[in-house]
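For the protein sequence lines, the chains are A and B, in the order given. Going by the numbering used here, the first residue of the first sequence is number 1, and it counts up by one from there. Going by the numbering used here, the first residue of the second sequence is number 1001, and it counts up by one from there.
Check before you lean on any hint, since a few could be wrong.
Listed next, with one range per pair, are the computed distances between beta-carbon atoms [as the list claims (entries may be wrong)]:
1) A/R267 x B/P1195: 39 to 45 Å
2) A/F31 x B/Q1167: 48 to 54 Å
3) B/P1075 x A/I25: 50 to 56 Å
4) B/K1224 x A/L259: 47 to 53 Å
5) B/I1175 x A/V178: 41 to 47 Å
6) A/R267 x B/R1019: 16 to 22 Å
7) B/R1019 x A/L254: 34 to 40 Å
8) A/L254 x B/H1192: 44 to 50 Å
9) B/P1041 x A/N192: 55 to 61 Å
10) B/H1192 x A/G91: 16 to 22 Å
11) B/R1019 x A/L259: 23 to 29 Å
12) A/G91 x B/P1075: 17 to 23 Å
13) A/V178 x B/G1043: 27 to 33 Å
Please keep in mind that the hints were generated in silico from the structure rather than gathered at the bench. Cβ atoms here follow ideal geometry from the backbone N, Cα and C, with glycine treated the same way.
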Amino acid sequence: MTTGKGSPFLEILALALNEDYRFPILEVFAFLYVLGTFAFASFSSATSTNVTSEYVAYTVTSSLLGALVFIFMILVFKNVAYGLGSDIEKGIIQTYFSYPLKRRSILSAKLLSALGVSLALFLGVQISSLYILAPDIVAPYFGTVLLTYAASLSYPLLIAGLILLVALILKRGGLALVLGIVFYFALGIIQNLVMSISLATNSALGLQIMSLFSPNLALNLYYQFSGYPPGSGPWIPSFTDALIYIGASYAIVLSAFLLGYFYFSRRMNL
Amino acid sequence: MRMAMALIFAEDLSKSYGRVRAVDGLSLTLNEGSVTGLIGPNGAGKTTTIKMVLGLLRPDKGCVEVFGQDPWDNPRIRPLVGVVYEEAFFPSHQGTLDYLEKVCRIFGMPESRAAEVLRLVDLQDASDRSIRALSAGMLQRFAIAHALVHHPQLVVADEMTTNLDPQARSSLLEIILQLRNDERVAFLLSSHILPELSRVCDSVAIINQGKVWASGKLVELYEKFAAGTVRVSTDKPEELAAEIARLPYVKKVESDIRGVSVRVEQESEEKFYEDALRLAKKVGARIQGIETGAASLEELYRVAVGGNRGSEVS
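So here's chain A without its partners, still in its complex pose:
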């Protein structure tokens, strides 16, 4: 006789993984990541003579991210909206609530599956590919590479946090996904408008506000204009500024997820 020794948390995580990454979802996304990584990698900056090595590491990493961040977002948004939102909508979460786990553990298992695995797969493929494609650029500037990923991924993670909140409050997975996509494009449009206005008025405020949500903007401005004299543009952030904006953006992302945890554990009636 086999006695069940499973941890309830791990069993729920296994169930979530099973539902989120049913064959061939994981395989298709892994393939797209690998294909996209090799297809989009651009080394043009590496041949340029007038740039710093950090800037090269930043641009090479950014070139790999490009369209693949969008693919990553599709997977994450689908997992959060459908993996969690639909479980609430359909009532599967009620079934989970009959198991000996705290609500926060159930949400952690669902998010670990929805976000953690997607992130691990994405970063695993990307960083391995970078090491294969450009070991001389990546190895000495690994900190810059990680910082680029951190700056680029906070915006999609913020949208994922908003999708989580909408899914929990409205209890509708499909609607949460639609609203998440609307948020994503709306913020993108707003960011472009703010940049145009900032350039036209030579004002830094708009760029600084947008960098709170999308800190890649601050990092990009830092690497692009770090050698330029002050006053060359509306805002030339220092490296410390870029780090502060990345930290602040993750504080906002964290707040969205903590709000989700609080609502799920303390307030959510089913």
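Fit chain B to the supplied structure of chain A, relying on the hints for placement.
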């Protein structure tokens, strides 16, 4: 007064959805080994009450305890409670046996228990099917197996027999009685199908408009509410009902295809037998039987709710 061994203790529970007050000052106690039926019309507040008992909804007012603890987000009481929801939902791509084995592991039970409960609900032939391939009735039986897999001391079920065919219903009622008698498992069952509840329940709580209108042991409720209720089985129910309605001490008459249900003043019950026989002879009806007291839980329910009074027996 609060019972020391109460598995469920709810006092003055209230819950509103916007302006609609679903549960309004409801109190309920369920003791060890008891099978209690929660009966009431649609929208009476049964499901809301069950959800508050299971910690899925927070009451706006009042308190609820399950095994002496607050059920909201409380994993300690989960191994003691089995749950069957009105609509059963499980991760649909899982296999039935596989999923129950996972549930066994979650509760620290032997995995062999999964096959055991599938046999109990006669689903052993579907053990290799995925959950989404189950019919509505099979899914309901699967939900019952899921509720029993960890040997709970209390089973809370909302419309458990919905979607079940008569044979499956009958065998489920046998399972309930067996678990109650052999393992002292307590049940809180909400159902619209009152004859079924009357087969297994020793107590009922009749709720309407979010309030308990009457509750207590079934025998005591019959005594309280069914006194003066007489059922006359006859081949001409409509003709006989028309005559009976003219009797001055008759409060209410209802006829159906098999007979007439009459509510009379309690002191006139003896006189009614004579009058019924006389009136049957008058209209040429054949009396097949006269039964005193509420003949069914349904009649008890009608009397209790129709009587418009809130009452607690015991």
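Outcome of the hint check:
1. A hinted range of 39 to 45 Å for the beta carbons of A/R267 and B/P1195 is consistent with their spacing of about 40 Å.
2. Distance hint check: the CB atoms of A/F31 and B/Q1167 are about 50 Å apart, consistent with the given range 48 to 54 Å.
3. Against the hinted window of 50 to 56 Å, the Cβ-Cβ separation of B/P1075 and A/I25 comes to about 31 Å, which falls outside the hint.
4. A beta carbon spacing of about 52 Å between B/K1224 and A/L259 agrees with the range 47 to 53 Å that was offered as a hint.
5. Taken as a hint, the range 41 to 47 Å holds for the pair B/I1175 and A/V178, whose Cβ atoms sit roughly 45 Å apart.
6. For the pair A/R267 and B/R1019, the supplied restraint of 16 to 22 Å holds, since their beta-carbon distance comes to about 20 Å.
7. In this structure the supplied range 34 to 40 Å holds for B/R1019 paired with A/L254, their Cβ-Cβ distance being about 37 Å.
8. Between A/L254 and B/H1192 the Cβ separation comes to about 48 Å, which falls inside the hinted range of 44 to 50 Å.
9. One distance hint, 55 to 61 Å for the beta-carbon pair B/P1041 and A/N192, holds here, with the actual separation near 58 Å.
10. Checked against the hint of 16 to 22 Å, the pair B/H1192 and A/G91 passes, with Cβ atoms roughly 20 Å apart.
11. A hinted range of 23 to 29 Å holds for the C-beta pair B/R1019 and A/L259, which are about 28 Å apart.
12. The given range of 17 to 23 Å is respected by A/G91 and B/P1075, whose C-beta atoms sit roughly 19 Å from each other.
13. The hint said 27 to 33 Å for the Cβ distance between A/V178 and B/G1043, and at roughly 32 Å that hint holds.
Going through the hint list in order, the structure does not satisfy hint 3, though it satisfies all others.
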